[in-house]
Structures are given as C-alpha cells and as structure tokens.
Amino acid sequence: MSVQKEVQTNILNQTQAPLLEVCNLTKVFGSGLLQRGQKVALENFSMSIQDSPPKIISIAGESGSGKTTLARLVLGFLLPTQGEIRYQGKDLKMMDQKSWQIFRREVQAIFQDPYGVYNPFYPIDRVFEIVIQKFHLTKNRQESRRITEEALVVVGLRPDEILGKYPHQLSGGQRQRIMLARAFLLKPKLIIADEPVSMIDASMRAIILKIIMDLKDNFGISFLYITHDLSTAFQISDDIIILYDGLVAESGDAEIVISGPKHPYVQLLVESIPIPDPEQPWQGRIELPPEEELEKDTLRGCKFYRRCPYKMEMCLKSPPPLYNIGADHLAACYLYK
Amino acid sequence: MTERKQILEVKDLRVYYHTNRGSVRAVDGVSFNVQEGESFGIIGESGCGKSTMAMALLRLVVSPGTIEGGQIFLDGTDILTLDSELIRKIRWSQISFIPQGAMNSLNPVMRIGSQIADVITTHQGYQPEKVLKKRIQRLLSTVGLIHRVYRMYPHELSGGMKQRVCIAMAITLDPEIIIADEPTSALDVVVQRVVMQTLVDVQERLGATLILIGHDMGLQAQVVNRQAVMYAGKIAEIGEVKTMYKNPLHPYTKLLIESLPTLQLRHDFRGIPGLPPSLLNPPKGCAFSNRCPYVMEHCREAMPKLVEIQPNHFVACHLHSEVVR
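Keeping their order, the protein sequence lines are chains A and B. If you read the first sequence in the working numbering, its first letter stands for residue 45, the second for the next number, and so on. If you read the second sequence in the working numbering, its first letter stands for residue 488, the second for the next number, and so on.
Keep in mind that the hints were calculated from the coordinates and are not lab data. Predicted model only: the values in this text are computed from it and were never measured. Do not rely on the hints blindly, as some may be mistaken.
[Claimed, not checked] Derived DSS-like pairs: lysine-lysine, alpha-carbon spacing no greater than 30 Å straight-line: (1) Lys-142/A x Lys-260/A; (2) Lys-183/A x Lys-209/A; (3) Lys-771/B x Lys-209/A; (4) Lys-492/B x Lys-254/A; (5) Lys-137/A x Lys-83/A; (6) Lys-741/B x Lys-260/A; (7) Lys-733/B x Lys-254/A; (8) Lys-231/A x Lys-137/A; (9) Lys-178/A x Lys-99/A; (10) Lys-260/A x Lys-99/A; (11) Lys-134/A x Lys-99/A; (12) Lys-254/A x Lys-99/A.
[What the hints assert, rightly or not] Per the computed footprint, the stretches of chain A lying under chain B, defined by three or more beta-carbons under 8 Å from a beta-carbon of chain B, are: (13) 115-124; (14) 275-287; (15) 295-305; (16) 314-324.
Don't be surprised by glycine CBs; every beta carbon is placed ideally from N, CA and C.
Generate coordinates for the entire structure from the input sequences, incorporating the hints supplied.
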C-alpha cells in the first residue's frame with residue numbers, strides 16, 4: 045500500500061503541476077426568484093502556489109471582500125459556481141476517493157476562532173487522537189504520544205502543560221498553537237489559515253506569526269494566509285493578493301505592494317493603518333460617500349469608483365482588468381492602462 | 488495641562504468577581520485622573536480588567552461582580568455613594584458610553600430614530616415628535632449619516648454606520664465624558680479611521696472628555712493624549728502618549744510596543760512569551776514578573792507602587808522605583 049502511494053506521489057511530482065491552482069473561480073451566493081438577491085462573493089479569481097519553494101501567500105481585504113469564501117472553496121467546503129481548483133493537477137470536483145484522502149491530509153486549515161473549534165467536553169488530547177486514528181499515523185499508543193508531543197514542541201508548547209487539560213483551561217494563544225500542532229501532525233503541504241491571529245492579543249500574535257514562518261522555513265509548509273490586517277501580512281508573507289468586493293485589486297510581492305501600493309483602494313487601505321507612533325498621525329481626512337454604503341451593488345464599472353480620488357469617465361463603463369505594472373505586480377485600475 | 492480642571496478622579500478602585508473558586512480581582516487598586524477635554528486611553532490585553540473598569544465608571548458592574556472599594560469622583564461627587572435613581576440621571580447626561588459591539592447594542596425591532604428619541608424622552612421628558620425628529624436628524628448629520636437613517640432599522644445599516652449611530656446616541660445629551668470601549672474593534676481599517684475621525688470631531692465640538700478603551704497601541708497612538716497601560720487588573724504605566732511611545736518605562740509597555748508589526752521592516756517583531764497570571768490568586772509580587780526580561784528577585788516579593796518618575800509619567804516597576812530611591 046505505502047509503496048504504491050509513494051510511486052503515485054513521485055509521478056505527480058514529475059509532472060510539476062503546481063501544488064494549488066485556482067482558475068477563474070467565481071462564487072455566487074443565493075438565487076431566489078428572478079435571480080434577485082444574488083451576491084457575487086468572488087469573481088474570476090485565479091492564483092497558483094508552486095510545490096517549492098514554500099511560500100506564504102496573503103489574501104487580504106475587508107469584510108465582505110470574498111477572502112473567507114475563497115478559503116472555503118479551496119478547502120472544498122463550498123462548490124464553485126464557475127471555475128476550477130486543482131490540487132497537484134487534479135480538479136477538486138473530479139477527485140477520486142484516494143486523491144481526496146491525500147488532499148484532506150495534505151491541506152489543513154486553521155480558523156479564526158480558537159474558542160469555537162474545540163469540543164468543551166473532551167480534553168485537548170482528543171484533537172490529536174482523532175487525526176491519528178483517522179489517518180492511521182501510528183501503530184501504538186506510545187508512538188501516538190510521541191508524535192503528539194513532538195508537534196506541541198514545534199509550536200512552542202510544553203506537552204506536560206497541555207495534554208490532559210480541557211479547552212477552557214487554556215488561553216486563546218495556546219489553543220491556536222494547538223491547532224497549528226494538529227495540522228503539523230499530518231505533515232501538510234499547505235495550510236489555509238483564515239484570520240488565525242485576529243482574536244489573539246498583540247503580545248501573543250507575534251509568537252504565532254513566528255511559528256507560521258518557522259513551519260514554512262523548516263518544514264516546507266506553504267500557507268494561504270487570509271487576513272484583514274495588512275501589517276501582519278506585510279511581516280510574514282511572500283506574496284499578497286488584495287481583494288475588493290470579490291475582485292482582485294492588486295497583487296504581487298508583499299513588500300513591494302504594501303510599501304508602494306498602486307491601486308487607489310490599496311493606497312487608502314495602507315494609509316488607514318494606525319501607526320503606533322503619535323508623531324506620525326493619520327494624514328488628512330477621508331470621507332465615505334454616504335449613499336455608497338447603502339447602494340453598493342448598482343454599479344457597472346469599477347466597484348471602487350465612488351470612493352476613488354482619481355475617478356475617470358472610463359471607470360464607469362466596465363470594470364478594469366488587471367494590468368501588469370511590474371515584475372509579477374498586477375493592479376486592476378485604468379490608471380495603469 | 489495642569490491648568491485644566493480635573494473632571495474624573497478614580498481612587499484605589501477595586502472591582503472583584505465572586506466565583507466558587509474565590510474572588511477574581513479584575514480591577515485591583517486602580518487610581519488615575521482625567522482632565523476636562525482631554526482624550527485619555529486605557530489600554531491592555533484581554534482579561535486585564537479594562538472593560539470592567541469602563542463598567543465601573545458607569546456603575547454598571549453586574550453580579551457576580553461588585554465594586555469592593557475605592558472612589559470615583561465625577562466633578563467632585565463620589566458616584567459610588569449616589570443612590571440608583573441619581574446615578575440613572577447622571578448616566579448619559581454627564582457620562583455616556585459607546586459599547587464595543589454596536590451590532591448587538593441596538594434594538595433590532597426599533598427604528599434608529601425612536602431608539603435615539605428614547606434617550607431624550609427618558610431624560611428630558613416628553614417632546615413633540617417634530618422637535619424630536621429635527622433634533623435627531625441634526626445629530627445624525629453630526630456623525631456623518633444621512634437623514635434617511637432616522638427611519639431605518641439596524642439591519643439596514645453597515646457596521647460602521649451602526650457604530651456611528653451609537654456615537655450619535657452617546658452625544659445626544661451633550662455629556663461631559665464619553666467612554667468608548669473598543670468602539671472600532673469589529674470594523675475594517677478604513678471604516679475604523681472614519682469612525683474614529685467622527686468620534687474625535689464630535690468630542691472636540693462638544694469639548695467633552697473622551698476615555699478610549701482599547702487593545703490596539705496603534706489606534707491609541709493616533710487618538711489619545713494620555714494613556715494608562717493596564718496589566719492584570721493594575722495600572723503599569725500612565726503618561727503622555729508622546730513620551731510613552733518614545734520612552735516606555737515599564738517593560739510591559741516596551742514589549743507591547745515592540746510586539747506590533749510595523750510597515751517599515753519585515754520580519755521585525757517579537758511577542759511576549761508566557762501568560763498573564765490568574766486574577767484569582769494574583770502573585771505576591773509584580774504581576775508581570777513571570778514574563779519580564781528584566782525581572783529581579785525583589786520583583787517576585789513585593790508589589791511595585793505607581794510612582795511619578797518624570798513629570799506626569801507614572802510607572803509601577805521596581806526598575807524605576809529604585810532609581811528614585
């Protein structure tokens with residue numbers, strides 16, 4: 045059995061298909077009579093993550109921009125309305141059971157709420173026992189204990205302080221690290237982390253982000269880091285994709301995009317981050333056009349039109365495509381036509 | 488700074504929550520002053536007692552919590568000694584509150600207009616609807632909302648708009664003090680900026696005092712003049728924001744500032760290892776001693792007192808109190 049599996053993965057590696065490939069993905073929610081009340085959560089989204097080197101790719105955007113929808117689609121929790129998601133060259137929709145098993149093992153998830161993911165009636169150990177059983181990771185109890193402890197050490201926890209405890213006895217930071225340890229146990233190739241630190245205190249946040257970087261550097265795990273916080277994205281990610289209302293606004297190398305944003309929305313977003321230095325106050329004022337908040341969907345052209353300081357006539361006619369504005373740097377704005 | 492009138496004075500405030508396993512000392516001997524018209528920040532991580540403090544300032548601590556001791560002087564009167572009828576009158580007219588989750592603090596089955604009207608009629612008695620409507624619409628435009636919001640229900644508004652409705656409600660009766668407990672923690676950065684901008688505008692127009700409670704050092708730096716850093720139910724440091732960020736005295740403040748990811752240098756941040764102590768059985772010495780990189784033997788033995796190290800800059804840390812001695 046195991047030999048067979050190895051051969052299979054070898055063949056896959058030879059073909060050099062990207063680890064994850066997302067093509068023209070669209071997700072529309074709701075239908076109702078006469079197609080009223082439809083919400084396009086994600087539109088025509090494409091990206092790919094190569095098998096190596098491992099990378100941390102951030103998907104950033106405000107609430108309602110479609111970033112969590114993307115995470116759920118990639119994890120197979122939702123079916124796309126249009127488009128394809130391929131893992132190692134295989135379409136998620138067409139996968140046979142065996143490849144699905146491999147996918148389920150190699151792609152792991154960390155969620156936002158470290159309180160909601162635990163069953164309060166069971167000790168923490170069960171989180172590990174379930175995955176070990178499900179994926180037949182070990183032959184006996186001692187070995188299970190050993191690999192569990194190993195995983196906890198990797199995320200900087202002391203096994204004797206964690207095992208045997210119940211979720212309510214642990215802090216949010218500890219719980220989120222346990223989730224990382226659980227994912228690590230399966231030696232995944234990709235972890236989808238949906239806002240993993242947004243509910244964690246600042247002093248702990250940095251520690252969790254460090255662990256994510258360690259897992260990438262030392263264990264070759266790629267991350268899809270979904271966040272609303274550009275400063276953490278800037279700190280840890282290699283590439284970044286910024287969504288606005290279901291569409292990509294700008295994408296490219298995280299350092300280049302955030303230190304010199306080109307899309308007016310991304311510029312506004314970066315400017316609005318409160319800098320922890322009273323000597324660098326927010327510059328100027330921003331106004332949200334009042335009606336925009338109420339009637340967001342009536343627009344045919346660029347979705348950012350009403351808030352944009354550089355609006356042009358052409359912006360109203362059709363949504364701007366992604367223009368190439370540098371090495372792997374794209375922005376969806378007519379300014380760069 | 489010193490010429491300003493002192494509007495709020497908190498002295499040795501203690502708020503405990505009583506549980507089966509003992510008392511949780513959520514606010515434990517906190518003292519500070521707030522001057523008229525200033526923006527004062529209270530910052531700390533979850534569980535440090537900052538929200539309990541907000542509730543205590545409004546005398547809204549509910550069971551199993553009780554205010555165990557201390558005094559809160561508002562304009563010279565200790566509000567902890569007032570009877571409940573008097574405190575009801577003070578709330579909202581002198582000291583108002585903007586809650587954390589605006590989404591959950593508005594009544595979903597009442598129009599925005601009637602919710603604000605409630606505040607007015609409760610405190611100022613009956614007013615004809617025409618007058619009320621005009622007044623409320625003026626309030627709504629102060630916070631940048633269109634008049635139509637008057638007739639809308641909360642579910643028709645976005646998060647930022649609901650938060651602004653809460654601001655409008657808080658300033659309805661021209662209070663002297665506005666307490667805002669993490670008013671923007673559920674909002675996107677751009678909306679957060681707009682809401683904070685609104686709040687500061689309104690505060691300046693009214694000449695009110697703002698007490699901003701939060702966990703985001705960045706936001707506090709942008710908005711407040713002076714801040715208190717809370718840790719494990721106690722104040723670690725109080726001072727002017729400008730000096731505190733340049734020269735933090737307490738190791739906790741210093742590490743908290745360093746743990747913030749910046750937009751200048753990549754991979755440049757570190758956290759604070761360890762956990763805050765349980766407030767059920769707080770340690771004998773300094774509460775931060777188990778996480779502090781500069782810990783001395785003395786720290787585990789004795790609780791440091793809040794001492795004024797530089798003018799208007801207080802810190803509770805043995806590293807500094809020794810210097811003074």
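A quick look at each hint next to the structure:
1. The straight-line distance between the Cα atoms of Lys-142/A and Lys-260/A is roughly 26 Å, inside the 30 Å bound, and the hint therefore holds.
2. Straight-line distance between C-alpha atoms of Lys-183/A and Lys-209/A comes to about 24 Å, which keeps the hinted pair within the 30 Å bound.
3. Restraint check for Lys-771/B and Lys-209/A: satisfied, since their Cα atoms lie roughly 26 Å apart, inside the 30 Å limit.
4. Restraint check for Lys-492/B and Lys-254/A: the C-alpha separation of about 46 Å exceeds 30 Å, so the hint is violated.
5. In summary, the hint linking Lys-137/A to Lys-83/A is supported, as the alpha carbons are separated by about 23 Å, within the 30 Å threshold.
6. Distance hint between Lys-741/B and Lys-260/A is fulfilled; the C-alpha atoms sit about 29 Å from each other, no more than 30 Å.
7. The hinted pair formed by Lys-733/B and Lys-254/A meets the criterion: a straight-line CA distance of about 26 Å does not exceed 30 Å.
8. For the hint linking Lys-231/A to Lys-137/A, the alpha-carbon distance of about 24 Å falls within 30 Å, and the restraint holds.
9. Of the supplied pair hints, the one linking Lys-178/A and Lys-99/A holds, its CA atoms being roughly 28 Å apart against a limit of 30 Å.
10. Between Lys-260/A and Lys-99/A the alpha-carbon distance is near 7 Å, which keeps this suggested pair within the 30 Å criterion.
11. Restraint check: the Cα-Cα separation between Lys-134/A and Lys-99/A comes to about 20 Å, which is no more than 30 Å; the hinted pair holds.
12. Distance restraint check for Lys-254/A and Lys-99/A: the Cα-Cα separation of roughly 14 Å lies within the 30 Å cut-off, and the hinted pair is therefore satisfied.
13. Under the rule that three or more residues need a Cβ within less than 8 Å of chain B, the assignment of the region 115-124 of chain A is violated, with 0 such residues.
14. Residues of the region 275-287 of chain A lying with their CB closer than 8 Å to a CB of chain B number 5, which satisfies the three-residue condition for coverage.
15. Here the region 295-305 of chain A counts 3 residues with a CB under 8 Å from a CB of chain B, which clears the bar of 3, and the coverage holds.
16. Proximity of the region 314-324 of chain A to chain B, defined as three or more residues with a beta carbon under 8 Å from a beta carbon of that chain, is established by the 9 residues found.
When each numbered hint is compared with the structure, violations occur for hints 4 and 13.
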